[in-house]
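Novice: Sequence:
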Amino acid sequence: MTEPRHMRRLPADPEAAAEIRTWRGATDRTIDLCGLDASGADLTGADLAMGLFCEARLVAAALAEAHLYRAHLQGAVLDGGAG
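Quick note, in this note's numbering, the sequence shown goes up one by one and the last residue is 1383.
Treat the hints with care, as some may be off.
Unchecked claim - Restraint ranges, calculated between C-beta atoms of paired labels, are given here: (1) ASP1379 <-> THR1327: 15 to 25 Å; (2) GLY1380 <-> ASP1328: 30 to 40 Å; (3) ASP1332 <-> ALA1312: 26 to 36 Å; (4) THR1327 <-> GLY1380: 25 to 35 Å; (5) ASP1328 <-> ASP1379: 23 to 33 Å; (6) HIS1367 <-> ARG1309: 17 to 27 Å; (7) VAL1377 <-> ARG1309: 25 to 35 Å.
Quick caveat, the hints were computed from the structure, so don't treat them as lab data.
No residue lacks a Cβ here, since even glycine has one placed at the ideal position from N, Cα and C.
Construct all of the structure, not just a fragment, from the sequences and the given hints.
Specialist: Structural data, given as structure tokens:
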């Protein structure tokens, strides 16, 4: 079975990587990257609804087709990345 794309590239920040690992392996859990640096993470197609990204860095993160419905993005940095 092929691993979903948002599980292939994790950020360099160990705390952010740990949160993504924990979140992706759980059901009914909201991702919480508040204040963490998830730059470079591949979250393509991920269900990030209601996710907590306050003050998070997602520079050059792949977010294509990610579901961000009602995500908390106050102060998040979403710059850069390939289109």
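Novice: All hints, please: hold or fail.
Specialist: Status of the hints after comparison with the structure:
1. ASP1379 <-> THR1327: 15 to 25 Å: violated, 32 Å
2. GLY1380 <-> ASP1328: 30 to 40 Å: holds, 32 Å
3. ASP1332 <-> ALA1312: 26 to 36 Å: violated, 18 Å
4. THR1327 <-> GLY1380: 25 to 35 Å: holds, 32 Å
5. ASP1328 <-> ASP1379: 23 to 33 Å: With a Cβ separation near 31 Å, ASP1328 and ASP1379 satisfy 23 to 33 Å, so the hint holds.
6. HIS1367 <-> ARG1309: 17 to 27 Å: holds, 19 Å
7. VAL1377 <-> ARG1309: 25 to 35 Å: 18 Å Cβ-Cβ, so the 25 to 35 Å window is violated.
The structure does not agree with the numbered hints 1, 3 and 7 stated previously, though it agrees with the rest.
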